[in-house]
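Asks: Chains V and L supply the protein sequences, listed in that same order.
Just so we're aligned, residue 0 is where the first sequence starts under numbering that gives the first Met the number 0, counting upward by one.
Just so we're aligned, residue 0 is where the second sequence starts under numbering that gives the first Met the number 0, counting upward by one.
One should not assume that every hint holds.
In this list, chains with the same sequence are indistinguishable; a pair is considered to hold if it fits within one copy or across any two.
[Unchecked claim] 20 angstroms max Cα-Cα, derived EDC-like pairs, lysine to aspartate or glutamate:
(1) K144 / D2
(2) K328 / D194
(3) K176 / E134
(4) K327 / D194
(5) K24 / D118
(6) K227 / E73
(7) K176 / D149
(8) K176 / D164
(9) K176 / D59
It should be emphasised that the hints constitute simulated quantities derived from the structure, not laboratory data.
Quantities reported herein were computed from a predicted structural model and do not represent experimental measurements.
Protein chains: 2
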Amino acid sequence: MPDLPGFDLAGVTAVKNLQDARRIKTQLQNPRIKNVVIIGMGYIALEMCEALRALGLAVDMVKPRPVFLPWLEEAMAAKVREEVEANGVGVHAGHKVHRIEQHNGRLKVVCDGLSLDADMALVGIGVTPNSDVAERSGLALGVQKSIAVDRSLRTSDENIYAAGDCADAYHVVTGKKTWIPLALRANRAGWAAADNVCGIPAQLQGVAGTSVFRVFDMQVASTGLNEKNAAEAGFDPVSNMIKSASRAHSYGSSQPIWVNMIADRKTGRLLGTQIIGKDGVAHRINAAVVALHAGMTVEQFSQTDLGYAPPFGPTWDPCLTAAMQLLKKL
Amino acid sequence: MPDLPGFDLAGVTAVKNLQDARRIKTQLQNPRIKNVVIIGMGYIALEMCEALRALGLAVDMVKPRPVFLPWLEEAMAAKVREEVEANGVGVHAGHKVHRIEQHNGRLKVVCDGLSLDADMALVGIGVTPNSDVAERSGLALGVQKSIAVDRSLRTSDENIYAAGDCADAYHVVTGKKTWIPLALRANRAGWAAADNVCGIPAQLQGVAGTSVFRVFDMQVASTGLNEKNAAEAGFDPVSNMIKSASRAHSYGSSQPIWVNMIADRKTGRLLGTQIIGKDGVAHRINAAVVALHAGMTVEQFSQTDLGYAPPFGPTWDPCLTAAMQLLKKL
Numbered sequence: 000m001p002d003l004p005g006f007d008l009a010g011v012t013a014v015k016n017l018q019d020a021r022r023i024k025t026q027l028q029n030p031r032i033k034n035v036v037i038i039g040m041g042y043i044a045l046e047m048c049e050a051l052r053a054l055g056l057a058v059d060m061v062k063p064r065p066v067f068l069p070w071l072e073e074a075m076a077a078k079v080r081e082e083v084e085a086n087g088v089g090v091h092a093g094h095k096v097h098r099i100e101q102h103n104g105r106l107k108v109v110c111d112g113l114s115l116d117a118d119m120a121l122v123g124i125g126v127t128p129n130s131d132v133a134e135r136s137g138l139a140l141g142v143q144k145s146i147a148v149d150r151s152l153r154t155s156d157e158n159i160y161a162a163g164d165c166a167d168a169y170h171v172v173t174g175k176k177t178w179i180p181l182a183l184r185a186n187r188a189g190w191a192a193a194d195n196v197c198g199i200p201a202q203l204q205g206v207a208g209t210s211v212f213r214v215f216d217m218q219v220a221s222t223g224l225n226e227k228n229a230a231e232a233g234f235d236p237v238s239n240m241i242k243s244a245s246r247a248h249s250y251g252s253s254q255p256i257w258v259n260m261i262a263d264r265k266t267g268r269l270l271g272t273q274i275i276g277k278d279g280v281a282h283r284i285n286a287a288v289v290a291l292h293a294g295m296t297v298e299q300f301s302q303t304d305l306g307y308a309p310p311f312g313p314t315w316d317p318c319l320t321a322a323m324q325l326l327k328k329l
Numbered sequence: 000m001p002d003l004p005g006f007d008l009a010g011v012t013a014v015k016n017l018q019d020a021r022r023i024k025t026q027l028q029n030p031r032i033k034n035v036v037i038i039g040m041g042y043i044a045l046e047m048c049e050a051l052r053a054l055g056l057a058v059d060m061v062k063p064r065p066v067f068l069p070w071l072e073e074a075m076a077a078k079v080r081e082e083v084e085a086n087g088v089g090v091h092a093g094h095k096v097h098r099i100e101q102h103n104g105r106l107k108v109v110c111d112g113l114s115l116d117a118d119m120a121l122v123g124i125g126v127t128p129n130s131d132v133a134e135r136s137g138l139a140l141g142v143q144k145s146i147a148v149d150r151s152l153r154t155s156d157e158n159i160y161a162a163g164d165c166a167d168a169y170h171v172v173t174g175k176k177t178w179i180p181l182a183l184r185a186n187r188a189g190w191a192a193a194d195n196v197c198g199i200p201a202q203l204q205g206v207a208g209t210s211v212f213r214v215f216d217m218q219v220a221s222t223g224l225n226e227k228n229a230a231e232a233g234f235d236p237v238s239n240m241i242k243s244a245s246r247a248h249s250y251g252s253s254q255p256i257w258v259n260m261i262a263d264r265k266t267g268r269l270l271g272t273q274i275i276g277k278d279g280v281a282h283r284i285n286a287a288v289v290a291l292h293a294g295m296t297v298e299q300f301s302q303t304d305l306g307y308a309p310p311f312g313p314t315w316d317p318c319l320t321a322a323m324q325l326l327k328k329l
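Next up, chain V with everything else stripped away, as it sits in the complex (with noise of 0.2 angstroms):
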C-alpha cells in the first residue's frame, strides 16, 4: 500500500491476499457502490477491471506512468487499451496519484491533473517482495530487494532457504538474476527448496519470464525480454510483429493474432515473444518459452514441426511466421 494521504480509508482495498477479496466481496454487496477506481494498471488491476465491469459497475483506471502495458510492443499495447475502453473502462495513464479524500461519504482519488470520485477504491499498485524478515536477519538481498537465492533456493545462509514471490531467481536468457512474481515459479520453487532441506537436490534452472492474461476478450502473452529489456542486457535487439490468423482462413471462427519476436542481431539468438489477440494466444507462447530455455535461434525455430489443423491454426502457425519475417532483418 502506497504511504499517501486517504490510503487507510474505509473503502480503500488492496488486491493482495485472501482478506482483501473477501472485504472486497462485501463491499460490493452494497448497492450504493456504483462507481470504482482502481489505482494500477498491471495484470491484477485489468483482472479486477473486467470483474467489475461484469458486474454492471462504473470502472476508472489511473496509474502515474504515462504508458499503458509498457512492457508490451506499442501497437500491441495500443490494442489492448482500445479492448479494455470498448468495454466502458476509463483508462487514464500518466497521473500521479496524490491522495485519497472522503466527501459526503464518497471517495475522491486526487491525482496529477485528475480527481475521479468513486464508492470504492481498489490499489494494485507497488508490488515488493515480502523480505522484511530477511533483510532484519541479515540475509543477502537481490534484485528490488528481494531474497537472494541460488538455483537451490538457498539463501546467504547455508540452512535457509527461500521460495515464492519473495525471492529471486536467474532468466533463462540473460543469465542473470531477476524479479518476477508470479505463481508457477513460487510453486515451483516451494517444492524444489522442500527437496533441497529433506536431502534430496533440486537446482531450477530458472525463469523465462512468462506471463498470460485475459482482459475482456483480448489475451496476452509475454515470454522473455522485449526490445527495451534486450538492450539493457548488452544484446543487439532485433524486432518484427507480425499480424496473422488464429485459425485456418476457411474456419469462421479465426481471429486476428500478433505476434512480435525479438532477436539478437549478433547471433540470431531468440529473446523475446509477445502474442496478442481474441482466440488461440495463451498456449502459443509456450513454443518459444521453450525455445528460450533451450537458447534456440530464431532460424532454428522457424523450423520447428508445430502442429497443424484447419480448426487450430493456419499451416505455418503465427508463431513460425513471425520467426520467417524476422529472419528476414537478421
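Mind docking chain L on chain V? Use the hints.
Replies: Frame of chain V; chain L shown alone:
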C-alpha cells in the same frame, strides 16, 4: 485406390484431391443418399465422418487392422473411439475389405465377417507417395517408396529437387529418414527447394512428426515417437500418462486433458508426447515439439516456464505435470 473389385463403381470416391471433394459434394445433394461407409480410420476418414454426421447422414467406418488409432496410447485411443461412437458412428475395426458390390442401385461393402450397405462409399486408406515418375526416372527412393531427398531437398540427381508429400524427410528424434505426408512439411519443403533452385542455400532440420486433428469434440495431438516407434528406433522407452485439467479448477469451462509422455530410460531424453481432451489440446503440443527439436531431457522440459493464467490452464501446465510424473519413472 486399392486394387479391389468394385472400387471403380459410381458412388465410390477417394478423399484425395479437389475433384474428389467436388464429386462428394455433388453426390450429397442427392436426397436418396442416407448411408455412407468410410473405408479407413485415419485423420481424413475421421474428419469426413464428422462432416457427414453434421449433415445428418448415417456413417459406418471400417478398416482391416483391429486397433483404432494404433499410434496413440491405448487408453487415449479408447477415449477418442468413445467420442466417435457417442456421435452415432459405427466403428468396425479388424475387418478386411474384400470388394464393393452393387445391388438395386445401392452399394454393399463386403468385408471379413461383415457386410455394410451404403448409398456412398469413401475411401480414405492406402496413402502412398506419388513417386512413380521419380522411380521411372531412376531417382533413389526412400522410406515407403517416397523420393529420397537430403536436407536441401535434393534427390539422388543433383539437378533434381523434390518437395511435398512425395518426398521423405529426416526425423529430428531418430535422425533417420521418415515419410510423414503432412501440410507444414510439404509447404516448407516447397519453399526450401525453390530457394535452393534459385541459388539461396536452404537446409531443413527435419520433422518431429507432429499431427493434430479434431473429431467431434475430441482434440488429438501427437509429436515425436510413441513407445513402439521408440523401441524400434533403438531407444529404451518409458512412458507415463497423466490426467489433468485444461484450465484452472475455478473455471467452469475446464475439461479433463490427458497427456502421455515418452522418454528414453538411458539418457532421460524426451522422445514423444500425445495429448487428448476436449479443450486446450492443439497448441499445448507445441511446447513438446520445440523440446524435441532441441533434444531436451524430460528434466529440462519439466523446468520450462510455461505460461499460467486461470482462464487458460492450471498453475502447472498439464505438459509439466506429465514431465514431473514421468521423471519419477526414469
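Asks: Against this structure, judge whether each hint is valid.
Replies: Quick rundown of the hints versus the structure:
| no. | hint | verdict |
| --- | --- | --- |
| 1 | K144 / D2 | within (18 angstroms within a copy, 75 angstroms between copies) |
| 2 | K328 / D194 | between (45 angstroms within a copy, 17 angstroms between copies) |
| 3 | K176 / E134 | within (18 angstroms within a copy, 58 angstroms between copies) |
| 4 | K327 / D194 | between (46 angstroms within a copy, 14 angstroms between copies) |
| 5 | K24 / D118 | within (14 angstroms within a copy, 61 angstroms between copies) |
| 6 | K227 / E73 | within (12 angstroms within a copy, 49 angstroms between copies) |
| 7 | K176 / D149 | within (9 angstroms within a copy, 43 angstroms between copies) |
| 8 | K176 / D164 | within (14 angstroms within a copy, 47 angstroms between copies) |
| 9 | K176 / D59 | neither (35 angstroms within a copy, 60 angstroms between copies) |
The structure fails hint 9 only (numbered hints given earlier).
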